[in-house]
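When you get a sec, could you build the whole thing from the sequences and use the hints?
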Amino acid sequence: DIQMTQSPSSMSASLGDTVTITCLASQDIGNYLSWYQQKPGKSPKLMIYGATNLEDGVPSRFSGSRSGSDYSLTINSLGYDDEGIYHCHQYYEYPLTFGSGTKLEIK
Amino acid sequence: QIQLVQSGPELKKPGESVKISCKASGYTFTDYAMHWVKQVPGKGLKWMGWINTYTGKPTYADDFKGRFVFSLEASASTANLQISNLKNEDTANVFCARGDRYNPHVMDAWGQGASVTVSS
Numbered sequence: 336d337i338q339m340t341q342s343p344s345s346m347s348a349s350l351g352d353t354v355t356i357t358c359l360a361s362q363d364i365g366n367y368l369s370w371y372q373q374k375p376g377k378s379p380k381l382m383i384y385g386a387t388n389l390e391d392g393v394p395s396r397f398s399g400s401r402s403g404s405d406y407s408l409t410i411n412s413l414g415y416d417d418e419g420i421y422h423c424h425q426y427y428e429y430p431l432t433f434g435s436g437t438k439l440e441i442k
Numbered sequence: 094q095i096q097l098v099q100s101g102p103e104l105k106k107p108g109e110s111v112k113i114s115c116k117a118s119g120y121t122f123t124d125y126a127m128h129w130v131k132q133v134p135g136k137g138l139k140w141m142g143w144i145n146t147y148t149g150k151p152t153y154a155d156d157f158k159g160r161f162v163f164s165l166e167a168s169a170s171t172a173n174l175q176i177s178n179l180k181n182e183d184t185a186n187v188f189c190a191r192g193d194r195y196n197p198h199v200m201d202a203w204g205q206g207a208s209v210t211v212s213s
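Chains A and B are the protein sequences, given in the same order. Residue numbers for the first sequence follow this note's numbering, so the first one is 336 and each next one is one higher. Residue numbers for the second sequence follow this note's numbering, so the first one is 94 and each next one is one higher.
Bear in mind the hints are in silico, worked out from the structure with no lab data behind them. Errors might be hidden in some of the hints.
[Said to hold, decoys possible] So the derived label-pair ranges between C-beta atoms look like this:
1) P375(A) / N196(B): 25 to 31 angstroms
2) D124(B) / Y427(A): 43 to 49 angstroms
3) P375(A) / S168(B): 35 to 41 angstroms
4) T355(A) / K136(B): 19 to 25 angstroms
5) G159(B) / D416(A): 24 to 30 angstroms
6) T152(B) / Q362(A): 18 to 24 angstroms
Note that the Cβ used here is the ideal one computed from N, Cα and C, for glycine as well.
Structure follows, in structure tokens:
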């Protein structure tokens, strides 16, 4: 199975900051990588797919990038609404797998 | 608007069975895949598998072969997950999630989740 190593596991940042969350794939997954945001008690929401493509309706403050097997989610101009858990997800091959999640807290 | 509405919370004993439903609305049901994802409270997401809503063909992750069955009631735009011989480790929130039309393994809409608690 493809392992997605996500870091950090948790982080705290201030309003207006820029943060970056990363996922390292254990083998080549091309651009078959998506990011989801999950708020407490809610279901995940698709933010980024194809490593860099913004889902419709997601603010342009969110962006995705790739460098080799490293995938990043960057959030600019942090707001309180960005608080939650972020999950990366590879859909290159079965079984589809997720990272362990990054809990983002806004100070 | 697109909605996936799942059935309510379930409290079961070990060895019992449970059926979780996921009713879709706001789009053509058979044009999009349906995935099932497990989340133990406080933990990460685990993909259980998916079902092709056009052909009815299910694909199961290895950890979900045997006791888990995906099925459809296409006329009712509903996908179902049945779990038999429940074990304590089946306690979790289970989500249905729609697969994007052109990237069927990108999950672009999710149900609200169904809580399954297995306890004697």
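Results of checking the hints against the structure:
1. Checked against the hint of 25 to 31 angstroms, the pair P375(A) and N196(B) passes, with Cβ atoms roughly 28 angstroms apart.
2. Hint check: D124(B) to Y427(A), Cβ distance near 23 angstroms, so the stated range 43 to 49 angstroms is violated.
3. Range check, P375(A) to S168(B): about 36 angstroms between beta-carbon atoms, so the 35 to 41 angstroms window is met.
4. For T355(A) paired with K136(B), a C-beta distance near 23 angstroms keeps the hint of 19 to 25 angstroms intact.
5. For G159(B) and D416(A), the hinted distance range of 24 to 30 angstroms is not satisfied, since their beta carbons lie about 42 angstroms from each other.
6. Checked against the hint of 18 to 24 angstroms, the C-beta distance between T152(B) and Q362(A) comes to roughly 20 angstroms, which is consistent with it.
In summary, the structure is inconsistent with hints 2 and 5 from the numbered list given earlier, while agreeing with the others.
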